[in-house]
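> These protein sequence lines map, in sequence, to chains A and B.
Residue numbering for the first sequence is 1 to 150, as defined by this note's numbering.
Residue numbering for the second sequence is 1 to 150, as defined by this note's numbering.
FYI, nobody ran anything at the bench for these hints, they're computed from the structure.
Bear in mind that the values here come from a model prediction, so they are computed numbers and not experimental data.
Even glycine gets a Cβ: it sits at the ideal position worked out from N, Cα and C.
A portion of the hints provided could be inaccurate.
[To be verified] Computed beta-carbon distance windows for the label pairs:
| hint | chain 1 | residue 1 | chain 2 | residue 2 | range |
| --- | --- | --- | --- | --- | --- |
| 1 | B | D146 | A | M123 | 28 to 34 Å |
| 2 | B | I30 | A | A140 | 22 to 28 Å |
| 3 | B | A13 | A | L131 | 14 to 20 Å |
| 4 | B | I124 | A | R6 | 22 to 28 Å |
| 5 | A | K58 | B | A14 | 17 to 23 Å |
| 6 | A | K144 | B | K117 | 31 to 37 Å |
| 7 | A | D100 | B | A116 | 18 to 24 Å |
| 8 | B | S97 | A | R113 | 20 to 26 Å |
| 9 | A | R6 | B | K58 | 24 to 30 Å |
| 10 | A | E130 | B | K117 | 27 to 33 Å |
| 11 | A | R128 | B | P145 | 45 to 51 Å |
| 12 | A | A102 | B | I124 | 18 to 24 Å |
[To be verified] Mimicking DSSO-like on lysine-lysine, the simulated pairs with C-alpha atoms at most 27 Å apart in a straight line are:
| hint | chain 1 | residue 1 | chain 2 | residue 2 |
| --- | --- | --- | --- | --- |
| 13 | B | K58 | B | K147 |
| 14 | A | K147 | A | K58 |
| 15 | B | K117 | A | K117 |
| 16 | A | K58 | B | K58 |
[Stated by the list, open to error] Not everything, but these chain A residues come out facing chain B in the computed CB check (under 8 Å):
| hint | residue |
| --- | --- |
| 17 | A66 |
| 18 | N96 |
| 19 | Y112 |
| 20 | R113 |
2 protein chains.
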Amino acid sequence: MRAAIRLSREKMAAGFGGPFGAIVARGGTIVAEGWNQVTSSNDPTAHAEMTAIRAAAKTLGRFDLAGNTLYTSCEPCPMCLGAIYWARLDAVYYANSRDDAAAIGFDDDHIYRGFAKPIAARMIPFTRLELPEAAAAFRAWAEKPDKVRY
Amino acid sequence: MRAAIRLSREKMAAGFGGPFGAIVARGGTIVAEGWNQVTSSNDPTAHAEMTAIRAAAKTLGRFDLAGNTLYTSCEPCPMCLGAIYWARLDAVYYANSRDDAAAIGFDDDHIYRGFAKPIAARMIPFTRLELPEAAAAFRAWAEKPDKVRY
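Work out the full structure, taking the sequences as your base and the hints as a guide.
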């Protein structure tokens, strides 16, 4: 955890982005590091946890990170929480809380609240356009003999 | 929307990953394309919406995609929903629903349910390690004179 916090501070000072660092570790060994790079790389998805997960998957050569643990300097936002589930990490440790983050201007609580709402009540409008081609593409996946499941 | 669905089918057939495609558009013009690349790029975050958002941000040279609309062949998962909020997209249109996705083996409903749970009840254990260095890093951000907000 101290390595994740150190990253959060050093990379922020170096101008990469907000004060967030993350480490993916396996049995006490660091597999990959990540830090916030939203503003420096013009990538709204480049949160510390996302960059650490992507780096770990690249290092290990697989998209399934089961057996690994994430240490992050702050409680993950909803996007990163989703990525943590998809990556199938074993456990997550965090230091600062989402309230601490809100206090310095990173308010993801409205996003957390958005998840609890029915689609029609979301801040960003979501509209379904039901097209037969879309259903056909799903059927094609179901019938694909050589698919790699994930 | 038809372009997003076409991508979902073509890129799946080409072996990139699952049957998911997405387009970021502005005033009827396509800004960027994305498609699922989880298994081909060993990146658990490489969903169609994520790759489209990252490509659009790169093309436009900014992390804030306000003024743009996302067309995605399937209702976004929680990770992508979080990314949509962070990218500040104006609106989202989707074709297949999360139920359609679950029917062909992509069940993100357990992730949606995970968001509604208190931290202690989540499938993946989340543990807070409150360290003074973490709070100090946040204070350093609050006091940073040249920070770029996002």
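> Hints first: check each against the structure and report whether it holds.
Evaluation of the provided hints:
1. B:D146 - A:M123: 28 to 34 Å: holds, 30 Å
2. B:I30 - A:A140: 22 to 28 Å: Holds, since B:I30 and A:A140 (Cβ atoms, about 23 Å apart) stay within the stated range.
3. B:A13 - A:L131: 14 to 20 Å: For B:A13 and A:L131 the Cβ distance comes to about 18 Å; the hint holds.
4. B:I124 - A:R6: 22 to 28 Å: holds, 24 Å
5. A:K58 - B:A14: 17 to 23 Å: Given a distance of about 21 Å, which is inside 17 to 23 Å, the answer is holds.
6. A:K144 - B:K117: 31 to 37 Å: Since A:K144 and B:K117 have Cβ atoms about 34 Å apart, the given range 31 to 37 Å holds.
7. A:D100 - B:A116: 18 to 24 Å: Holds, since A:D100 and B:A116 (Cβ atoms, about 22 Å apart) stay within the stated range.
8. B:S97 - A:R113: 20 to 26 Å: For A:R113 against B:S97, whose Cβ atoms are near 22 Å apart, the range 20 to 26 Å holds.
9. A:R6 - B:K58: 24 to 30 Å: holds, 29 Å
10. A:E130 - B:K117: 27 to 33 Å: This hint holds: roughly 30 Å between Cβ atoms.
11. A:R128 - B:P145: 45 to 51 Å: holds, 46 Å
12. A:A102 - B:I124: 18 to 24 Å: holds, 23 Å
13. B:K58 - B:K147: holds, 21 Å
14. A:K147 - A:K58: Holds, at about 21 Å.
15. B:K117 - A:K117: holds, 14 Å
16. A:K58 - B:K58: holds, 21 Å
17. A66: violated, 11 Å
18. N96: holds, 5 Å
19. Y112: holds, 7 Å
20. R113: violated, 10 Å
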